[in-house]
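There are 2 protein chains.
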Amino acid sequence: MTAVAPLSATERTTLGRRKIRAVTERSALYAVLDEALICHLGVLREGAPLVLPTGFGRDGDTIYLHGSTGASSLRLANEGIDVCVTVTLLDGIVYARSINNHSMNYRSAVILGKARPVLDPEAKTHALKVITDHLAPGSWEHARDVNAKEFAAVSVLSLDLAEASVKARAEGPDDSPEEIAANLSWAGVLPIRTVYGDPEPSADLIAEFPVPPHVLNRAP
Amino acid sequence: MTAVAPLSATERTTLGRRKIRAVTERSALYAVLDEALICHLGVLREGAPLVLPTGFGRDGDTIYLHGSTGASSLRLANEGIDVCVTVTLLDGIVYARSINNHSMNYRSAVILGKARPVLDPEAKTHALKVITDHLAPGSWEHARDVNAKEFAAVSVLSLDLAEASVKARAEGPDDSPEEIAANLSWAGVLPIRTVYGDPEPSADLIAEFPVPPHVLNRAP
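Listed in order, the protein sequences are those of chains W and U.
For the first sequence, the numbering used here assigns the number 1 to the initial residue and increments by one for each residue that follows.
For the second sequence, the numbering used here assigns the number 1001 to the initial residue and increments by one for each residue that follows.
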């Protein structure tokens, strides 16, 4: 278990950029992963990188990925394949006094490692619950269970959070004292938020169903 | 020029998934790229995939990427390096009657090709304007120009939109007729939107500046 260990700062996960804070608390990694709705999964295909958006979920120090995405190209050996899973939350556009200091506020996590297929039925059921709880909390209890045919058709990958880094920028523009004193233009941050709209009932609902609380009251 | 050509559907950009529509209009590619605030750039580093969020902008059939992100690891030869640039817009969570049919509505673009450094000063200035116009429309005119030192320090990559694919899902749950008739649970879509909050002026503004229109009236 590495649940209380700080994030590893291997050379691979160290991205040297000015004013971008490297976050070393493991709780920050969890927070980024738990808030983001999707990740971007990078794999190697025919010697070139391929990046695909995909659903995922976290349980402790493991994330589970919905393996169907681009699955035709992912021939997963049991020993796993090298992947990079990146999760990004955009928090704001940073307007600086100079073009050069324009930036973004964001939180991002980069996880490197070997993704492995989850084959054991009990572990796979657990992984599907973790992914469902992430995508649609409450649905695991509300919707029909996965049946045997669906269970066989779906594939799930697991990836340990052993080699991961978190970066965050959460501040105003980074202009020089001279630029600030020159006082020539506005500077500040335009916040970005992800929000949910009103639930849209399916057109083919036969009876009048109330929108269930796990959908109606979902907070971003 | 391939501006009016349909999207190429090479084997590499064809991701076979049920109910995910492959979009072949080039205008759909432009629309996804122009709406998204960031992309995820996949590169190969020491034989393993690395995926980093980065700012970008589009001009015609070229996208420009801010090359500073993770730049320490990107030793760009003039002939370019293989990259995958993926852009994803999340539009909704799809709640189905069964766990298995839960999904997301989204639009995504995957671009494969060789990213090349933009070295010619005039082309690099243009690329910086394109990236700025994408990140912060209006700032190129409002903020201080890039000076010689900043210009030398920044790096920009270009990538042609020659090999690209767009996928989109924009519909309700995909349950079977039997499942719909069984009528056992709610089904529908919870829309997702990205919105801007109120602009937050920088704490170090000396005079009382009104928020300029290009920030105040920015629409997602």
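Keep in mind that the hints are not guaranteed to be accurate.
Which residues of chain U face chain W? A few of them, derived with a C-beta cut under 7 angstroms, are [what the hints assert, rightly or not]:
id: 1; residue: G1042
id: 2; residue: L1050
id: 3; residue: D1082
id: 4; residue: T1086
id: 5; residue: L1089
id: 6; residue: I1099
id: 7; residue: P1137
id: 8; residue: S1139
id: 9; residue: S1176
id: 10; residue: P1177
id: 11; residue: S1185
id: 12; residue: V1195
id: 13; residue: A1207
Residues of chain U placed beyond 12 angstroms of chain W at every Cβ, according to the derived structure [unchecked claim]:
id: 14; residue: A1031
id: 15; residue: P1117
id: 16; residue: D1174
Just so you know, the hints here were simulated from the structure itself, not pulled from any lab data.
By construction, the Cβ of each residue, glycine as well, lies at the ideal position given by its N, Cα and C atoms.
For this session: Please flag the earlier hints that this structure goes against, numbers listed from lowest up.
Result: 5, 7, 9, 10 and 16
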